[in-house]
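Here is what each chain is made of, one letter per residue.
Number of protein chains: 4
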Amino acid sequence: MLPAGAAAAGAGLVAGVSGWIFRHGGTIVHADQHHDASAGAFFQRVEWGTASDDPMAEAAAFREYAEKDLGMVVRVAEAARRPRVAILVSQHAHACHELLLDWRQGELAADVVALISNHRTMEEAARHHGVPFHFLPVDPTRKHEVEERQLALLRERQVDLVVLARYMQILSADFLGRVGCPVINIHHSFLPAFAGARPYHQAHTRGVKLIGATAHYVTPVLDDGPIIHQEVRRVSHRDTVSDLLRKGRSLEKLALSEAVRLHLEHRVLVYENKTVVFD
Amino acid sequence: MLPAGAAAAGAGLVAGVSGWIFRHGGTIVHADQHHDASAGAFFQRVEWGTASDDPMAEAAAFREYAEKDLGMVVRVAEAARRPRVAILVSQHAHACHELLLDWRQGELAADVVALISNHRTMEEAARHHGVPFHFLPVDPTRKHEVEERQLALLRERQVDLVVLARYMQILSADFLGRVGCPVINIHHSFLPAFAGARPYHQAHTRGVKLIGATAHYVTPVLDDGPIIHQEVRRVSHRDTVSDLLRKGRSLEKLALSEAVRLHLEHRVLVYENKTVVFD
Amino acid sequence: MLPAGAAAAGAGLVAGVSGWIFRHGGTIVHADQHHDASAGAFFQRVEWGTASDDPMAEAAAFREYAEKDLGMVVRVAEAARRPRVAILVSQHAHACHELLLDWRQGELAADVVALISNHRTMEEAARHHGVPFHFLPVDPTRKHEVEERQLALLRERQVDLVVLARYMQILSADFLGRVGCPVINIHHSFLPAFAGARPYHQAHTRGVKLIGATAHYVTPVLDDGPIIHQEVRRVSHRDTVSDLLRKGRSLEKLALSEAVRLHLEHRVLVYENKTVVFD
Amino acid sequence: MLPAGAAAAGAGLVAGVSGWIFRHGGTIVHADQHHDASAGAFFQRVEWGTASDDPMAEAAAFREYAEKDLGMVVRVAEAARRPRVAILVSQHAHACHELLLDWRQGELAADVVALISNHRTMEEAARHHGVPFHFLPVDPTRKHEVEERQLALLRERQVDLVVLARYMQILSADFLGRVGCPVINIHHSFLPAFAGARPYHQAHTRGVKLIGATAHYVTPVLDDGPIIHQEVRRVSHRDTVSDLLRKGRSLEKLALSEAVRLHLEHRVLVYENKTVVFD
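Protein chains in written order, with the working numbering: chain A, 195 to 473; chain B, 195 to 473; chain C, 195 to 473; chain D, 195 to 473.
Next comes chain A alone, as it looks inside the complex (with noise of 0.2 Å):
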C-alpha cells in the first residue's frame, strides 16, 4: 500500500516487482493489481515459485528492495508455512463443523490447532478430529478472566489467525489490541443491515425478501469491521424465523469457509476499513 502519488508510479512498481522475481529466476505463478484512484493506494499480490534454496532469505531480500528501492508496504508469506488457526464457537457448531470439514478435505492451507468453546457442543466432535478442545465457560462476572485465559491458549498456540464461528461473546477493544492476529467474524445478516443482536428476528419483522450473512475482520466497533464475503439467499413471507435461522446457517457455513479460505491464501489486503480480495 502507498500513499497518494502511487497512482502514477503503477508502472514503475509493476515493472519493479516483475522485473526484481524475474532477475532473480522466479516464476510468476499468480499476480494482481489494483489501483483505488480515489484513496490514492496501489495494491498488488503476486505469488511465485522461486529458484533459491532458501526460501526466507529471498523473502527477506525482495522485502529490502521492496521497502527500500519502490517505497512499497509489503508483507511477504512463504506457501509452504501453514498459518495457525484457533476457531472459537458457542453452541451454534454448523460454521465449525463446516471449517473442519473444509480443513479435513484438504481446502484450507492450515493447521487448526484450537477450538475454544464456552459451551461443550464441539467438544466430541474436536476429538474426532484430532483438535484440542478448551472448554472455557464464560458469565458476566468473569469475562475479562476469560479472555486471559483465552490470550494465554492462543500465544501459547502460536495462533495466526482466529476464527469465530459463531462465537456469541463479544470481545474486549483490550482483546482484540492484545490477540497479536487477525480475528475473523461471520455476522448472520447482510452487513450492515441488521447488526446486533437476533439479525433474523429483524429481518423478518421488516420483511425483507433476501437474507445474508457477512465474513468480516473484527474491529472494536461492533459488526463495523472490514467486509471479507458476503453470501445472500432469496426468502418470502412463507419463511417462519425459524426457516431463516436455517436457511441462514448455509449461508454462514458458505460466507465464513470462504472467507478463510481467502484470508489463508493471502488474497485479502485490509484499508480503510475496506478490504482488497484478490480472488
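Calculated from the structure, these hints are not laboratory results.
Backbone N, C-alpha and C define an ideal beta-carbon position, used for all residues, glycine too.
Some clues are possibly wrong.
PhoX-like, lysine-lysine: derived pairs with alpha carbons at most 25 Å apart [said to hold, decoys possible]:
#	chain 1	residue 1	chain 2	residue 2
1	B	Lys441	D	Lys441
2	D	Lys441	C	Lys468
3	A	Lys441	C	Lys441
4	A	Lys441	B	Lys468
5	C	Lys441	D	Lys468
6	A	Lys468	B	Lys441
Sample of chain C residues facing chain D (criterion: CB under 8 Å; computed from the structure) [said to hold, decoys possible]:
#	residue
7	Val267
8	Lys403
9	Lys468
10	Val470
Got chain A; can you put chains B, C and D on it based on the hints?
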C-alpha cells in the same frame, strides 16, 4: 385478512371460499393461502373464472358472502379491467424506460396514463410511447403547490397506482394521505441498509461485496414501507462508485419492474408493514 | 393428481378437501395447489392438524373420501412418523457429511438408518454419528451380487428413501425396479448440461461462466430423472478444474440437502418426469 | 498469447511490458494477467495512459517491442476511438432496446451505426434513437442474397462488431468467414443445455429449476462459440412456457448487454473456444 383466531379457522375459510366458487360454477385458476401463526392472520388469494355474464355482480355477491358469513376482509378485482398507472420520474430514466418497454411488450396488465417529471429527460420518449407527459419542475419554495398539481392530475386521470421510477423528491405525508392509491418506489439499495441519500456512495464507503435494490410501498417514513421485491448483485473492490451506479441501474430496473407486475396482478397483500407475495 | 378434466374441477376439489377437513375439526397448517393446464392435471398438498385420537384412521377415512368421492390419487403421510433413510456414498464424502450434520442439527425429519459405501472413507464418521456402516466394495464382475446385498440391506432396514450422496456406481434398472422406494441422486452439474462422467472437466473444457449441481430422482435413464432442486455459482477463466471441483462441492451439498429435506417433508410430487415442489 | 513455455516466462513478460510503459512515462490504469497452466498460455491486459502526443505511434512502437523482444501476440486498441457496432434483430425487440438504451445512457463505449432486421418491429425505435434502420426480409430462397447485402452494408458502415440481439436466422459459415469482425450472439438458454430452437420449451419439458441465457461469440457450429457471459434465474413448476419466456427476456437483456460492454472495453480474449474475461 383476519384478526387472531383465523389460524384455527383456515380450513373453514378455504372450504367456504372454494365451496362458494364451486357452487357458482366457477373455475379456480390460481389459489394460494398463507397463515402467519405469530400474527394470527390468514390470507388467501383466489383467481377464478366465472360462469356469470355479470362478473361485477358475482364479485359483489362473493364479497357479501365472504365478509358476512366468513368474517373476512375482502378485495375483489376484475382481471379484465386494466389498472391505470402514473409514473413519476426525475432525470435517471432507466427504470422508467424499462416500465414503458415492459408495458409495450404486453408484460404489464395495465394502462400507463401519465408520465410526470420534474425534468424534461423523458419527454421525447413519452411522446414516442404515446403517454401524456407532464413537466412539473420542483423547487423547495413551491413543493406544496407542485404536489397539489400532481394530486389534481392523478385524480383527473383516475390513477390506480403511482410508480416512483427514481423520482428524486420526497413526497409529503399530506400527499401520501390524499393520493388515494398505492405508491410504489424503487430504492437503490438493499434496504434496510443504506436508506436515504446516495446509497451507492454509502455502499462504496462501507466496502460491501454485494449491492441491491428494493421496491417497496411508500409510507410517510422514508424508505421504510413494506418491501415487495429485492434484487442483489455481487461487486468487488474493483468497482468504483460509477460502476456501482451502473450495476445498480440493472438491479433497479429488475426490482421495480417485477414489483409493479406483481402488484398489478393483485399478488401482493400488505400487513404489519410487510407483504405477502403470492407469486 | 388427476387426468384431463381436472382443470375445471379445481374449485370442487379444493372445496371438497378443505370441507372434509373442516367438518372433521382439522386445522390446515399448509395448503398449496397447482394446476398444470397443458398436462390437464391438478395437484394439491394439504398439511393439517387433526382433532382425532387416531390419525391413521382419519387418514384412511380421508383417503377413501378423496379417492371415491373426488376421484383423486391420494398419498397420506403422518408427520409424526419419521421416514427411514439410507445413504450410499463413495469416496467423496462432503455431501454425506452435510446430510449427517443436517440430521444431527434436527433439520431432517427422518432417521438415518444405514450408510452403505464401496469405500471406507465414511466409516469412522458413521460410527461417530451412530449410524450403522456397511462396507460393500464393488468391482465389475460382482456388481449384480453387490446390488443384491444392498437390496437385502435396504429391505431389512425398512428404508423409505435412498440417497446417493456422490455414489459413483450406476445402479441397474433391475435394482431401481426392485428397491421399492424413491432414490435421490446428486449430479455434479447443471443438468441437462454435462450429464455423465466428469462434468467439471466438461464444464472447464466448454468454458462456461456458471457451474451447477442438480438433485433429482433416479430413473433407469442416466441423469435424466425428475429434477427436485438445482444450485448454481459463478466461475471464471481463473478457475482450474480443481477450483471447479471445490466450488462444486458446496453446490452439491446445498442442492442435495435441500432436495432431501423437501422430499422428507412430503413437498415433492412427480409427474411427466418433472416435479411439483410445494415449498 | 504465447505457446508452451510461456508459464516460466510470466515474470519476464510482466517485467518487460510494465518496464516499457514505465520508461515511456505511461501510467497503468488497469492491468491483469492470466496463466493457463494446462494450455501453457499466458495472457495479459494492460490499459495505460500515455505521455505521448501521438498515441498511435506509441501503440505501434509498443507492438513492435512486445512482438519482437517478448515474442507476444499483441492487440492494441486506442480507448479514444469508439468501435462501430451494428445490431441484427428479428421480431423480439427487448435485447435490442436494452442495447440502445445502454448506449444512450453512455454505458457502451461505441457508436451504434446500423440496425438491420428482417422485421419492421424496431424501425420506429431506430428512428427515435437516430440509428439507420435497414429492413432486409429473409426467405429461404434468397438467404444467400440477403447475406451479401448484409455484408456489403457492414463493410460500407465500417463495422467493428456485429451483435445478434435475438436475430432468428442462422448465419452461414460463408458469412462468418467474410464478415471480418467478431459477432456476438445471445442464446436464450444456459448453454450447453438446450442449444438450438425453442430452448424455453425444452427447459419447460425437462422441468429444470433454473433457466439461463448465454452471450457468446458466433462460430460456424451452432450455439457452440466461446462463452462471454451467462445469467441464470430460479424458476418453479408454476412457471408456464410464457413465464419462462418473460423471465428469460430479462436474462437475455442482462447477459447480452454485459457481454457487449466487456467486449467493447477490450476485456475479452479468446483461445481454445473459451474466453478470458478481464473484468
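Evaluated hints:
1. B:Lys441 <-> D:Lys441: Measuring from Cα to Cα gives roughly 19 Å; hence the hint holds.
2. D:Lys441 <-> C:Lys468: OK: Lys441 (chain D) and Lys468 (chain C) at ~20 Å, within 25 Å.
3. A:Lys441 <-> C:Lys441: Between Lys441 (chain A) and Lys441 (chain C) the Cα gap is close to 19 Å, so the pair holds against 25 Å.
4. A:Lys441 <-> B:Lys468: holds (20 Å)
5. C:Lys441 <-> D:Lys468: Holds, at about 20 Å.
6. A:Lys468 <-> B:Lys441: It holds: about 20 Å lies between the C-alpha atoms, which stays within 25 Å.
7. Val267: violated (17 Å)
8. Lys403: holds (4 Å)
9. Lys468: Because about 3 Å separates Lys468 (chain C) from the closest Cβ in chain D, which is inside the 8 Å limit, the hint holds.
10. Val470: holds (4 Å)
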